[in-house]
Amino acid sequence: MRNDTPSPSPNAPVRAPHGSPPERANTLGRGRIVAGTPIFDGERARRGYALNRLCFSLNERENRDALLRDEDAYCRQYGLTNEQTEAVRRRNVEALLSAGGNIYYLAKLAGCFGMNVQDIGAQQTGMSVEAFRARLRAAGAV
Amino acid sequence: MASVVGCICTSHVPALGSAVAKGLQSDPYWQPFFDGFPPVRAWLDRVQPDVAVVFYNDHGLNFFLDNMPTFAVGAAEDYLNCDEGWGIPPLGLYPGDPKLSWHLMQCLVSDEFDPASCQRMLVDHAFAIPMQLLWPDKASGPRASVPIAINTVQHPLPSPRRCYKLGQAVGRAIASYPEDLKVVVVGTGGLSHQLEGARAGHINKAFDLLCMSKLVDDPTALIRYSIDDLVETTGSQGVELIMWIAARAAMTGAVTKVHSNYHIPISNTAAGLLLLENRDPPKFM
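Sequence order for the protein chains is A and B.
For the first sequence, this note's numbering begins at 1 and goes up steadily by one.
For the second sequence, this note's numbering begins at 1 and goes up steadily by one.
Hints are computed from structural coordinates only; laboratory data are not their basis.
Backbone N, C-alpha and C define an ideal beta-carbon position, used for all residues, glycine too.
Errors might be hidden in some of the hints.
Partner residues aside, some chain A positions facing chain B, computed with beta carbon under 7 Å [claimed, not checked]:
#1 V34
#2 P38
#3 N82
#4 I103
#5 Y105
#6 K108
#7 Q124
#8 V142
These stretches of chain A come out as covered by chain B in the derived footprint (C-beta under 8 Å, 3 or more residues) [to be verified]:
#9 51-58
#10 113-123
Input sequences plus hints: build the corresponding full structure.
Structure below.
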């Protein structure tokens, strides 16, 4: 960045070291890695197509009812892999993301299971929901 | 001729929809956000825009990964807001203006942009909630709107620079439209937030406030950032800032800040609101 631009970040960017395999999960287009920040790119979009298609179907209430009635059958209907089906069964957001899920689509699945974005934030950061909420509030007090 | 009378940028969190549906605007958690809007509504009431052109990002209501346009211009007779999976009461139909839409398409393609055109288009919370915040009584709203969707679902995303140029092209297109229309340009999304990963809950107040300041007087300072920069700085969903950048770019010449508000948190998001108007009022006001 040129000197006359506002600094993009208080933290130095974390880049993949040359010669080591990039951490694919977090790689942005130009090779930058932001810790703890999975990027939904073409590779994930391909891998996660079936899972995300299932999530997309949940826009309709009858499909949400069908999922809740028989989760395994619904996952089979959408052709989820075993890994994806297991991630759904465990309600595990990290595993769902690793299996190619997109967070905007996964929010529909989480909602179906009664989880809001604070619940999934707490789960991913290993905090209690109250602690996660408190951290959000604290960000405003800076 | 048509003219851009102002630009309104606001966050668009889905939970706002349920808060309104439950009448929680005066609840201590929500009030600091909703309290930002009366001055904007007073401005809208005074200016009475005819049309809203709304830059927003779809979250998986209209577009899926089978067909994911980087830019998409609504060209429908009307736009329907539907359930996105959470059972929040949908906000119904929004009338369109296909003639204006096709004028925008014509101008954008001439201007070397190649958006998808959508004669059928569902609009999600990112369109409908800002419309509801700006015009709680739908009947008092603009007679038509044109949604313009920018992809933030699937990388690669268009750069801030590209979105700025898109906004400029939309501004030029509006200015060349022969009907006497007062157009308000709306940009929805952001500000800093991140929903996924171990960094979920990331918020960057200093950067948000910098952006809100730069958008007024020096918006091109923001277009030097890459998408990578924005992901790192403002969070993977904070990149929705590109909608604000596009909307701001549709303004011509010097602008004045009429009102702004900023509050943390609404859901997992740093919520911002910014109203800008042209320093020289449009000739037909």
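Tested hints:
1. V34: holds (5 Å)
2. P38: holds (5 Å)
3. N82: Not OK, violated: N82 (chain A) not within 7 Å of chain B, min 21 Å.
4. I103: At 4 Å from the nearest chain B Cβ, I103 (chain A) passes the 7 Å test, so the hint holds.
5. Y105: It holds, given that the least Cβ distance between Y105 (chain A) and chain B is near 5 Å, below 7 Å.
6. K108: At 3 Å from the nearest chain B Cβ, K108 (chain A) passes the 7 Å test, so the hint holds.
7. Q124: Given a least distance of 5 Å, the restraint on Q124 (chain A) holds.
8. V142: Check passed: Cβ of V142 (chain A) comes within 5 Å of chain B, closer than 7 Å.
9. 51-58: holds (count 5)
10. 113-123: n = 5 at 8 Å, threshold three: holds.
Hint compliance for this structure: hint 3 is the single one not met.
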